[in-house]
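There are 2 protein chains.
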Amino acid sequence: MTAKSGDSCEVAFSPDGVTVTVSKGATILEACREAGIAIDAVCGGEGKCGRCRVRPDGEFIANRGDVLCEEDAEAGVVLACKATVQGDLKVEILPKSRIREHQILTRSAERAVPTLTPWLCKTLVEMPEANVYDNTADLERLLRTLGDRHLIMPVETLRRLPHIIREGDWTVTATISSLEHPPEITRLESGDRRTRMLGLAVDVGTTTIVGQLVDLLSGEVVATSSEYNRQVSKGEDVIARMMYSEEMGVEELTTLARDTVNSVISSLLRTSSERFGDEITTMDVVGASVSGNTIMTHFFVGLDTSHIRLEPYVPVAHHMPPRSGHDLGMNIHPSSRVLLFPSRAGYLGGDVVADVLASGMHTSENLTLLIDVGTNGEIVLGCSEWLVSCACSAGPAFEGGEVSCGMRAMHGAIDSIRINDDLGTSYHVLGDEKPNGICGSGLIDLIAEMYSNAIIDRKARIQELAIERIRQGEEGMEYVVEWNKRLGDGSVGDLVITDADLQNVLRTKAAIYGAATVLLKKMEEDLDDISEVVIAGGFGNHLDIDRAISIGMFPDIPRDRYRFIGNGSLGGARLALLSKDMRREMVEIFEEMTYIELSVDSDFYDEFSSSLFLPHTDIAKFPSLSVTESRGGDH
Amino acid sequence: MTAKSGDSCEVAFSPDGVTVTVSKGATILEACREAGIAIDAVCGGEGKCGRCRVRPDGEFIANRGDVLCEEDAEAGVVLACKATVQGDLKVEILPKSRIREHQILTRSAERAVPTLTPWLCKTLVEMPEANVYDNTADLERLLRTLGDRHLIMPVETLRRLPHIIREGDWTVTATISSLEHPPEITRLESGDRRTRMLGLAVDVGTTTIVGQLVDLLSGEVVATSSEYNRQVSKGEDVIARMMYSEEMGVEELTTLARDTVNSVISSLLRTSSERFGDEITTMDVVGASVSGNTIMTHFFVGLDTSHIRLEPYVPVAHHMPPRSGHDLGMNIHPSSRVLLFPSRAGYLGGDVVADVLASGMHTSENLTLLIDVGTNGEIVLGCSEWLVSCACSAGPAFEGGEVSCGMRAMHGAIDSIRINDDLGTSYHVLGDEKPNGICGSGLIDLIAEMYSNAIIDRKARIQELAIERIRQGEEGMEYVVEWNKRLGDGSVGDLVITDADLQNVLRTKAAIYGAATVLLKKMEEDLDDISEVVIAGGFGNHLDIDRAISIGMFPDIPRDRYRFIGNGSLGGARLALLSKDMRREMVEIFEEMTYIELSVDSDFYDEFSSSLFLPHTDIAKFPSLSVTESRGGDH
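In order, the protein sequences belong to chains A and B.
Quick note on numbering: the first sequence equals residues 1 to 635 in the numbering used here.
Quick note on numbering: the second sequence equals residues 1 to 635 in the numbering used here.
Wrong hints could be hidden among the right ones.
Said to hold, decoys possible - A short, non-exhaustive set of chain B residues, derived as facing chain A with CB atoms under 10 Å:
1. TYR313
2. TYR595
3. GLU597
In short, the hints are calculated from the structure, not lab data.
All residues carry an ideal CB built from backbone N, CA and C; glycine is no exception.
Could you build all of it, start to finish, from the sequences and the hints given here?
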C-alpha cells in the first residue's frame, strides 16, 4: 500500500497492470519511469521526437506541441513527456512507444581463445597452524605459504581473514587477480573451493547492455543476458545523453547504466544457478571485463563528457584507472578487479578495440577492413603491421532514428523486404507480428529494392509514378510501405518512407562508404587489396550483404570475403577475460591503432559527397552491379 | 534549544557549565560522553576501577559497588558508570575523575633527516592545448607531458580533471606520491601551486594521539597537537579495549580513534592557518605517516584483534594494505596515500619500529639498547648488523593504572618527589597545582626515596616504623605521601602508597630489567658492551635516570650513555614522511628485527624473578649503588 496525500495521484498503466503514485504535476513520462516501464524518448523528454505517445484517461493537462499530428490528437493520443498528471489517471501505452523485447546479437564468428590463461586463478593454500613459536600474522603466514609476499589483500578481505583461516582449519582457497601489479587476492574461501571460478563480460552499448557469465576454468559461456540501456529514457543517442548530463550532472546516467548492468547480472546469476543446480551469488563472480564506446565508458565510470561532445572532442581518459566491482557499483564480488577497455578517441571507443580483438585482424598478414555500424559508424583498416581507424557520424538511421518509419530491431520491426512487380511489398516482421516500423536491415533492403524497381533515382528521390503507393505527403513525396489496416496496434496512418527519410539513409550509407574509402586512400591501398571485410555491431547478422553493396554502403568485392562477427564488443571483452595474451593484445591494438579525425579531413568531404548516389558517382567502383543498373537507369 | 520529551532528563555538569539531554535510565557516564566531557574509566564502565567518581544532585539511582569507600559514599560521591539518571540532575565532576590537559612529549633527540626526499613531490605541468589534430584525452595528455604514462590518477581526481586543466589554461600542478608502485597523482591544482606541500605524521598511542603537520618542502614542523585517545572511554588499556571490541565489534573503536585523529588534524589546520596567515584546508594535506602499537593500528584500520589478545597472539597483518586518507576516514586530501608503520608482533608494534628508526640504532656499529616504557615495555637490542626485540607486560603502573595513587602525567600529578629526613615529602606537581596523584616518574622517585630512606626493604615491603605517615590501612601497610588537606579539590582521604601498589611497581620494573637481560643473554652480550641506552616513550623526558637505576629498572651503566628520544613513534613517523631513505630503512628494520616471545621463555621467568628486589637479587649488577645501599641496608 502506498500512502496517498492530497497532492498524490494514482496512475494505472495498461496493458501492464501497474499502478504508481506520483505528485500532481508530474509528467506521464516520469510516471512511466516510476513504474519501471521502458518508454521511447529519443529527445530526452523534450517534446521533440514524438515517440512517447500514450493515451491517458482521467485528469491531465497536455501540450500538443509540433510533433503530434491531427489524427493522433483526435484519437486522444498525447506525448507522455508533455502531459502532466492532475488527478487519478489510466494510461494506455501505444505499442510503438514501448521499448520491447528485441533481437540480441550474441552469435559470433570471432576467433577462439588460443590457450585458457585468465588473469584470475584459484590456489589452494595449506598453512601451518600458528603457535607461540611461530606467531606471524595471518596475512604474512598466508603470503609466506603462497611464496609471494608482495600480493595485496584488500582490507575488506583482511577484516574477515582470521575467521576464514580458522574456519577452514588453516586451509583456504585464494582467488588471485594479476590484472594489475602487484597482484591482488580478490577472494578468500575456507577450505578447498577450486571447483568453480566465474567471470563477467559486459558490452555497455548505447542501446543495449549485454552480459555473459563465463566459466574461467573451462572457458565456456554459462549464461547470456541483455537489457535495454536504461539511459534510453534520458535520450536515445549519445549526443542527447551528453547534453542531458551537462545540464543535470553525470550521476543519473551513471546510475542508470549501472542499474542496467546489475539487472543483467541478476538475470545471469538466476540462469546459472538453475544450470549448476546450486546457488550462484554475486560473490562468485570474481572478475569482469567491460567494453563500450567512449561515452558509455565515461558514463559508466562517472566522468564528464562535455569535451567529447564539442570540438576538439577530447575524452577525459583513454585508459581508466584501476577499479574494483565495488568502485563501479557492480553486483559482483566487491574486491573483483574490472578491466575497462581503453577508448582510442571520443568517437572510437573500447568497443571497437574489442571488435578488432574479436576479429583477430591485427594478427593477419592480409589487409582487413572492419566496419561496425551502429548509431555511429566506426571503420578500422589494417593488418598485423599497422591499424588505422576513423569514426563517421553515420546518424541513427539504422537504429530507428531520424527516419519516420524507423525502429530498432525488435518485435514488430520489418527486417527484410521485397518490392513486387506491382510495386507492392512482401516483408518479414520480427516476432511474426503485424509491423510497426522498419529496422536497419529492412531499410537497406527497402532502399535497394526501391532503386532496382526505379521507384527512386540515383539520388534516392522518389519518382512521380502513377501508382497509389506513391503520393505527395505533408513533407514531400512518400512511398507507402504498408497500409494502416495491416499494421500493428497503435499505428497511426500508413507506414510510409519519405524523401526526407531516404536522404537520411543516403547520408548514412555515404558516410560509411566515404570513411572506408578515405582510410584506403590514406594508406594507398586499393579495394582489391582487401582480403576480408569484417562486419561487427548491432545489425550485422540480419544484414543482406548483396543489398548493402547494391546501395553502395559496403565495397563491391567478392561476397565470400565478408565475415560477420556479431557483437564483437562482447566477444572481445570475453576474450580479454579468458586469456592474458588477449589482454596484452588489447593494449597493443590500442597503442598501434592510429586514429584519423574525419571532421577536419578534406578527403572525407569529397568521398562522402561522391557517395551520395546510388550506389556511387563513380559506377566503375561497383562492377558487379552492372546488371541491376539496367532497370534503374541513369538520370 | 533541545527538545525535551517525557522520558528526557537534563543533566548539567559543573564546573563545565554544559547541559545535555539524555533518556531516563542512561548512566551518568553516558551523559558525560554526550556532553563531550572526557572522564576516566579504566575498566570501560564496568564499575571496577572506581575512577569515574562524580557527585550528583537530583534524581538518580546509584549502585555503590565494591570500589567506593565509606568516605566517598558519605560525601555523596557515586560512580558515573553505575549511576542512572532518573530526572533532572546537576553533576559535579571530581577533578581526579577528569582526563585533563596533560604533558605531551614531542621534544626529541632523534637523528636529523639526511636529505629531504619525501615520497611526495609537486611538479608543474604545462601542456599543449588540445586541438582537433591532437585530441588525446586529458589524462593521457597530462601523462605525456609528465613523461610517465604509468602514473595512476584516482577516479575522484579524474572526475575534476577537465575542469582543473581548463581553469589553469592547460597549466596544472601535480602532487605525485611514490609511496606505492605505480606512483599516483594525489592532487591536481590549476596553475602553478608549487609553493606549499604539507604532510601529516601521527602517533596513535593507547593513551594519547599526537599529530604533526610537516612542511614537506622545508622539512619543518608547522604545528603539533595532541588529544587523549577517545577510545579511553571503552577501557584504559589495550586488553580492556580488545575485550570490548570482541563483544561489541571493532567499528566503535575504529570510529573513536579516527575521530580523535580528525580532531587533532582540525587543531593542526587551525594553528597552521594562523601561522601562514592563509587558510590551510584538509585538501592541503597530501600524505600521512601513521605509527602505533599493533592493537591501535588494527583498531585504526578496523581489524579483528581477538587473536592478538589470546595465545599465540597472532595479528591479522604486519604490513597493512595500501590505503588512502579517504579509506581511513582521515580528514586529509581523500586521495592522499597513508603510510602505516608495520608491526613486528602482537605486542611489538609499528611504534617500536618508529622508535628504532628515530634512534638510528640500526645504523650504528656499536651495541644499543632501546627501552620504550608505556603500558607495555618494549625492548630492542642491536646494531647495524642485527636487531632483537621483545615485549613484556610491564603493566600500566607507570601510566596511572593498578596503583591506587597513580595517575597519568597531567596537571595535578606529582612528577618528582623527595623524602626528607623526617620522612615527610617534598615534591613537584605538574601545572603547579595541588596534587591529585602520582605519575610514572614520580612513582620511580618515590620508590627510590622510600628505599634509600629505609621505609621499604629490598622486597619493597613497607617497614613498621613509628611515624604517623606509616600505618596499617584497609589493604595492609601504607605510607602517606600527602595529607588530605593539602591535596587538590575532590581528593578523598590522604594520598597513600600501599604495599600492594609497591608490588605492582616492583613487578613492572622487574619485567623491564628482566626482558633487557634476556636479550643480552641470548645474544651473548654483556652490560658493559652497551654503548648507548635509548629511552623512548611516554614519560622519558621526565624520568630521573639515577633513580630508575637505583630501583633496578634500568641497567647500571654510565649515565652519559643514556639518551632520551621522547616520542620516538611520532619522530619515526615524521622521518618516514620526509625521506624515501628513511622509509626504506623502516622496512629494513621490520625485516631484520627478530622477535622473541617472552611469555614462553624460561630465561625470562628466571630473570624476572631475580629482578623482584631492589635493585636486584645480584647486587653486583649495580656497582654504582654501593654508596646509597649503605642507608637502605640489606634485609
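Checklist line | Earlier hints that do not hold, by number | finding: Violated hints: none; all satisfied.
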